[in-house]
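These protein sequences, in sequence, are chains G and L. Those letters in the first sequence? Residues 335 to 1012, per the working numbering, in order. Those letters in the second sequence? Residues 117 to 446, per the working numbering, in order.
Worth flagging that the hints you see were computed from the coordinates, not collected in a lab. All values reported here derive from a predicted model rather than from experimental measurement. Among the clues, some could well be false.
Said to hold, decoys possible - Distance windows between CB atoms, simulated:
| no. | chain 1 | residue 1 | chain 2 | residue 2 | range |
| --- | --- | --- | --- | --- | --- |
| 1 | G | S682 | L | K310 | 25 to 35 Å |
| 2 | L | I220 | G | A799 | 48 to 58 Å |
| 3 | G | P423 | L | E200 | 33 to 43 Å |
To be verified - Only some residues are given here: those of chain L computed to face chain G with a beta carbon under 7 Å:
| no. | residue |
| --- | --- |
| 4 | P142 |
| 5 | T151 |
| 6 | S221 |
| 7 | S224 |
| 8 | S340 |
| 9 | A341 |
Claimed, not checked - Derived list of chain G stretches under chain L, where covered just means 3 residues or more per stretch with a C-beta under 8 Å from a C-beta of chain L:
| no. | segment |
| --- | --- |
| 10 | 361 to 372 |
| 11 | 895 to 907 |
Note that the Cβ used here is the ideal one computed from N, Cα and C, for glycine as well.
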Amino acid sequence: MDTTPSIRLPEPDRPWLMRTYAGHTTAKASNELYRRNLAKGQTGLSVAFDLPTQTGYDPDHELARGEVGKVGVSIAHLGDMETLMDGIPLGEMNTSMTINATAAWLLALYIVAAERQGVAQEQLQGTTQNDIMKEFLARGTYAFPPAPSLRLTADVITYTVEHVPKWNPINVCSYHLQEAGATPVQEVAFALANAIAVLDAVKERLERIGKAELMERVFGRISFFVNAGVRFIEEHAKLRAMGNLWAEIGRTRYAVQDPKNLRFRYGVQVNSLGLTEVQPENNVQRIVLEALAVTLGRNARARAIQLPAWNEALGLPRPWDQQWSLRIQQVLAYETDILEYPDIFEGSKVIEGLTAEIESAAREELERIAEQGGAVNAVPYMKSALVESARRRLERIESGEQVVVGLNRFTESEPSPLLSGGDVPILQVDPEVELEQIEAVRRWRENRDERAVAAALDRLAEVAASDDPAANLMVPTIEAARAGATTGEWAQTLRDVFGSYRAPTGVGDAALSNGSAPQPITALREAVEELAERLGRRPKLLVGKPGLDGHSNGAEQIAVRARDVGFDVVYEGIRLTPAQIADAARQEGVHLIGLSILSGSHKELVRAVMDELKAREVEVPVVVGGIIPEADVPELKAVGAAAIYTPKDFDLNRIMAELIDLVARQAEGERQPAGAAH
Amino acid sequence: MARAAAPTRAVRLAQRLRDGDLSVAPEVINLLESTAAGDRQEARALLRELSPTALGSEPDGQIVGVTGPPGAGKSTLLAALIKELRRRENAAVAVLAVDPSSRISGGSLLGDRVRIALADPDPQVLIRSFATGGRFGGLARGVREAAEALAVAFPWVIIETVGVGQAETEVAEVADTVCLVVQPASGDTLQFLKAGIMEVPDLFVVTKADLGEQAKRTVLDLESALRTLGKGEVPVVPVSSLPPARGVDRLVDLLYDRRTALSADGQAGLRRRRREGRLLGALTAFTREHGERAVRALGGVRKARRLLEATPPDAGYADLLETLEQNSAG
């Protein structure tokens, strides 16, 4: 056997950190899940928080309705965090928290929970996602305007570099950009631009407090959270390109010298966007191939991996579904020979060529963003570029140019044993959980020292309003966590100082489906014109996103296509209350309402919107789109939804034809449009 | 003509507006926007029911046009303005927001950020978006009519338009006060001067006053440009919508002052301004509907204008349009 080091490593590499993005319902239920996962050989934790926790609302807030414990665990205060980590030795664990707008708060709760276990903050290891820029671009769980959000981010970074040195204070995300439609070049460029915005803010801060020398260490602590799609060769090249550019930025922009600090460190969750609802078993091979993109080449291998589950397009995955994904990682790491070799692509003309191509295109894109004054100013530009890329991708799938097996080609299938049988193959969160959590947070508030909480929040507000560059928000945030403040109280205190904010929707600037429109679009335009004649007004569609879910791709693509076929479309962005949606429907005199919900809260939210519409005597058809399990369809129809669309309905033109038909039938029924209530 | 027996739907809607029933506003706008033949007759009848002739005076509601280039901060300003108007006299506010339609598909993406910026739903605030449809650069169909009708029930009616050029002049034909929103250091002032737009507004607002020096410079630039045009009395108000908000107070003070001035002497100023606006608006609408050729058939623009001037001073917009149509038909 040849043992020359150029072919084999003297010793196989250690496997990457294996995680499962997990958490649901209550802290207690999630804690049990974590312990089981660790027993199965998982080597780190990845905490999923519910949307109220991510956006800074307590379970009893109006906006939290229907969302508590849904897409993750509800953490409202220190007691919840202690329960979540009960029996898990925080001095040894490596915990990744997918938390952004409220990252400072959740990190503070984690630090205090550790302190109570007798573990000092210096020992803690893990990651807070803490990347607010991509929340404005793609994911939507922001809480404050850009400038104060960046300040919070910088505060977390400067605090941890000094006091929690093994912590990764930020995971700059390209993951969500790809999910929102980014091309590989956009993914690389936008993520790096976002990282530069954060680093510039930190650098300025450090210079003002006379600690500029910390910048070298700060750069070394920045990690990335990337995506990998099924075109896994290009995806691998993308990561090599990103690594090269990152080191270049470190050297030239921040004068970083130590090669260890220049290393591009990333964790990954592979692509969910390409996972299908039809023939969901095919997702398993997609996930395996995507995992290869981030493991095959040693020079750009992930440090931590979490894989989505085969049934993500159907609903929330169950523990068994997640176990399947963990086993994929374990087979890759422990059965194959992947970890035994040096980089297998070194010297490959194709990989090197692809890498250079992406690098140079990304460099151009970075310049374009720099010309606009950096990522913060370029949010509207980047957002509309993403909406545009997502639109192109959908058009390629609709036309069949991009093959998706089982969806637009090879669609014949035997009956699936995975989908038949009694139980729906997804996780169902008991709606009682929300009531329990509401009760629990109220009890918590009753049993604490109110004066201590008020004093801590006052101090927080004071520091938030201060211009002193040395005033770090982490300090009063940790105090507030210790005193027993809640997630909602912490966030509201800052909202009162910072103001609230709404990100651009990006749809306004999306290019129109070109002048020489494909035949189906032309036909739809004629149908809309004809309908407009009959109605006396152009048909008007309200696209609404109720609840806290920020995944707006679907809503955006529907809005853009409806505009392209001739509807007047009212779209006001994410995070609306059912009352706001019903008000808009009435005032705008719309003929049709489309709701988009991906957080699993569709039953509660659709019912709430219907009730609000009824209260305003608005009688127009309502359609619902999102990740909606087949089993929930009858219930949604029973409360009045006229049609339900899920990821398998990729043909937007067919949806448009149905919407036109719904409005026409409503008009024939001689009902009045919204606003004509009395 | 349908004039003899006014359709009952129009009468019913008009009565509810006259009773101050704000909840009827969306249905009124649906009707005024409609192109269906039956609806158009009803719409004319509705306007006639709400004309100064029928009411015995000009409706009290103030119509304010807020206009300016994209990105100037109009929505944020409007949200602050609405809050202040609501706070002072608990007065109801209607916002008519006009956005462009796609030339190719005819469709549009609307969506007013004002509603969202206001956070809590408020039954005393109506926000309605309009698409310009085929009318490039001008107001959307039904906006003028809606503003006139809503001014009967809403103390404040705000028309928001985007762009520089045609939109301003058309807004001026219906608004009692035109307010142009300018962003600091945007170079807009020069553009306005070139386009002859500086002469239209009754009020300038410079947004993002938190930008400090740049905002101050822009205020000075505008003031000196106005003086050159002999309009030195037109106020320029710097406003910052970021907390702590500044300048909105003064803006509302100025709107109140203007309302007082226009209402003095038995609404003399208001009557004059609205009469002139209606004459111009009727001509614009007639030309758009029937074409240049129909205007020539009337004997040209000046002849048409004289026809309109011969109508009673309190003639409503619907009557003015009808005057032109009858003369061109006869």
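Q | Supplied contact hint for L/S224, tested at 7 Å Cβ to chain G | A | Holds, because the Cβ-Cβ distance from L/S224 to chain G comes to roughly 5 Å (cut-off 7 Å).
Q) Given L/T151 as an interface hint, is the shortest Cβ-Cβ distance to chain G below 7 Å? A) holds, 5 Å
Q) In terms of beta carbon proximity below 8 Å, does the segment 895 to 907 of chain G have 3 or more residues touching chain L? A) Answer holds; 12 residues pass the 8 Å Cβ test.
Q. Do the numbers back the hint for L/P142, that is, is its least Cβ distance to chain G under 7 Å?
A. holds, 3 Å
Q.
Against the range 48 to 58 Å, how does the distance between the Cβ atoms of L/I220 and G/A799 compare: consistent or not?
A. holds, 49 Å
Q.
Just to be careful: measuring from the Cβ of L/A341 to every Cβ in chain G, is the smallest value less than 7 Å?
A. Violated. Min distance 27 Å.
Q.
Just to be sure I understand the hint, the distance between the Cβ atoms of G/P423 and L/E200 should be within 33 to 43 Å; is that true here?
A. violated, 56 Å
(Q) If I claimed the Cβ atoms of G/S682 and L/K310 lie 25 to 35 Å apart, would that claim hold in this structure? (A) violated, 58 Å
**Q.** L/S340 as an interface hint toward chain G, with CB separation required under 7 Å
**A.** violated, 28 Å
Q) Taking 7 Å as the limit, does the beta-carbon of L/S221 come near enough to a beta-carbon in chain G? A) holds, 5 Å
Q.
Verify this for me: three or more residues of the segment 361 to 372 of chain G with a beta carbon less than 8 Å from a beta carbon of chain L.
A. With 0 residues in contact (Cβ-Cβ under 8 Å with chain L), the coverage given for the segment 361 to 372 of chain G is violated.
Hints 1, 3, 8, 9 and 10, counting from the list given before, are not met by this structure.
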